[in-house]
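> Numbering (this note's numbering), first residue to last: 639 to 1152.
Be aware that one or more of the hints could be misleading.
[Said to hold, decoys possible] Quick list of in silico lysine to aspartate or glutamate cross-link-like pairs, DMTMM-like style, CA-CA up to 20 Å: (1) 772 to 654; (2) 978 to 654; (3) 874 to 1049; (4) 681 to 667; (5) 874 to 1056; (6) 772 to 740; (7) 1046 to 838; (8) 681 to 715; (9) 1087 to 1097.
FYI, nobody ran anything at the bench for these hints, they're computed from the structure. Here the structure is a predicted model, which is why all the values come from computation and not from measurement.
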Amino acid sequence: MLATITSAALQGIDAEPVHVEVNAGEAGEPRIYLVGLPDAAVKESEDRVFSALGNSGFRPPRTRTTINLAPGHLRKEGPIYDLPIALGILVATKQLLAPALDDFLIAGELSLSGATRPVRGALAMTRLARTLGKRGVLLPAISAEEAALVEGVAVYRIESLDQAFRFLSGEKPLIPLDPTVARHRATAVPSLDGAADFSEIKGQHALRRAVEVAVAGAHNLLVIGPPGAGKSMIAKRLATIMPPPTLEEHLEILSIHSAAGRTISGETAWGARPFRSPHHTVSDIALLGGGTIPGPGEISLAHHGVLFLDELPEFKRSALEVLRQPLEDGVVTISRSAGKVTLPCAFMLVAAMNPCPCGYLGDPKHECRCTPSQVQRYRARISGPLLDRIDLHIEAPALGISELRSEKPGETSATIRDRVQAARTRQHVRFTGSKTTTNARMTHAQIRKHAVIDSTLGDLLQQAMEQLSLSARAYDRILKVARTIADLAAAERIEAPHLLEAIQYRSLDRAIFY
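With the hints as constraints, model all of the structure from the sequences given.
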């Protein structure tokens, strides 16, 4: 008897339909034939499924059985086909009568006892089920919780093969997960209790202001300063002043992390924006994404969040250069022999570096041991085109003893986050009806509409461009930052103080930097 069950295969962060066809009762040697371009993990499902069937009280097939994962040209990977294969065998051997089986998309790994284990890409599979017009999806417990965020399709939490059997046969009905619970969890404002707070930062008022401006408009930021200036300390507190993602943004974040398997391990915090901090030894593929079947890398895992690169010049030149196109477009396209995928990566880049190899160039209390040529080679590791794509450049001077001993607390993260949230709200209202959500992502046409300056300010900006030898790309970025500073001040138009502050954040550009 032939049985067909709908499942899915991950392609990047999207899912493609896979039909698990099981034909039992064939003449010949009693064994399993698994076809359809499976990888090693899929081939091993035969042993897991047979043990799960036996330990759940079912009878494994005793005849030649062919299992086909269609379409045949699509590479299948992972153990997500265990549950649909087991159910297909039960239908093909007439142990399960499930007339409504075609109404569901099914995925799940099985343990030897028959219990289910979570799978990657649950959100993508649920969106696929909605597109295919399925009534619901059957997923393991942890995977079902994130899948419940998708509207228009019922999500059923399956704990074991036996439970799936009883549900599909009509013996024991299941109640689908309540989507409002998942959405409330996804949009909840993360608590700052016990978290590292900006009030712990001593001094560095200019750097704190630059960080606030950067977060308010999702601008890229480069911090240059000697060791101990607080660069990493401030970067690690960025998450505490970032507004929580919207439900749509959280769905995109979870989709990427689900495809990478990070929601299964609990590495992804619900209701919070991602903060990724890869080591400088990271490979190009780990940073950009890739693999035999292309998957998300660090820049995609930082989507709608922060990618922090400490000791920026220590990263490989090739790894830094691959950031140029994603920084500009907010997406990255990866081509491999198995196919081509486009992954979202609209992240905020925060980078930190020393002013020279020894770190003490310009420090009044420490002598710099570097020669001019060493300093030049060190800074030249960061190319001009990459530097152009960083909106704010700020110096973080070494702290004095009096600042370190000061008992006066700075502003709390909650206070700064309120101002950032107010500025982000103005941007959301401004860009209603477009794909743009922050000032950093404004198109050229939007800059000409929302970042208008009068002739006097235009002359001022022209003079700054000429004196600082700024590139044409820097012109638009200064206007974007000025628009964000105006939003923080609740100003309708860009005024002189806003533009001047934006210009000073480019003072390390090009000629001076090198």
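> None of the hints should be skipped; say for each whether it holds.
Hint check results:
For the hint linking residue 772 to residue 654, the alpha-carbon distance of about 14 Å falls within 20 Å, and the restraint holds. Between the alpha carbons of residue 978 and residue 654 the distance comes to roughly 14 Å, so the proposed pair stays at or under 20 Å and holds. Taken as a hint, the residue 874 and residue 1049 pair is honoured in the structure, with Cα atoms around 16 Å apart against an allowance of 20 Å. Taken as a hint, the residue 681 and residue 667 pair is honoured in the structure, with Cα atoms around 19 Å apart against an allowance of 20 Å.
For the given pair, residue 874 sits about 19 Å from residue 1056 by alpha-carbon distance, which is consistent with the 20 Å threshold. Simply put, residue 772 and residue 740 have alpha-carbon atoms about 8 Å apart, close enough for the 20 Å limit, and the pair holds. Taking the CA atoms of residue 1046 and residue 838, the gap is about 10 Å. The hint holds against a cut of 20 Å. Restraint check for residue 681 and residue 715: the C-alpha separation of about 9 Å stays at or below 20 Å, so the hint holds.
The hinted pair formed by residue 1087 and residue 1097 meets the criterion: a straight-line CA distance of about 19 Å does not exceed 20 Å.
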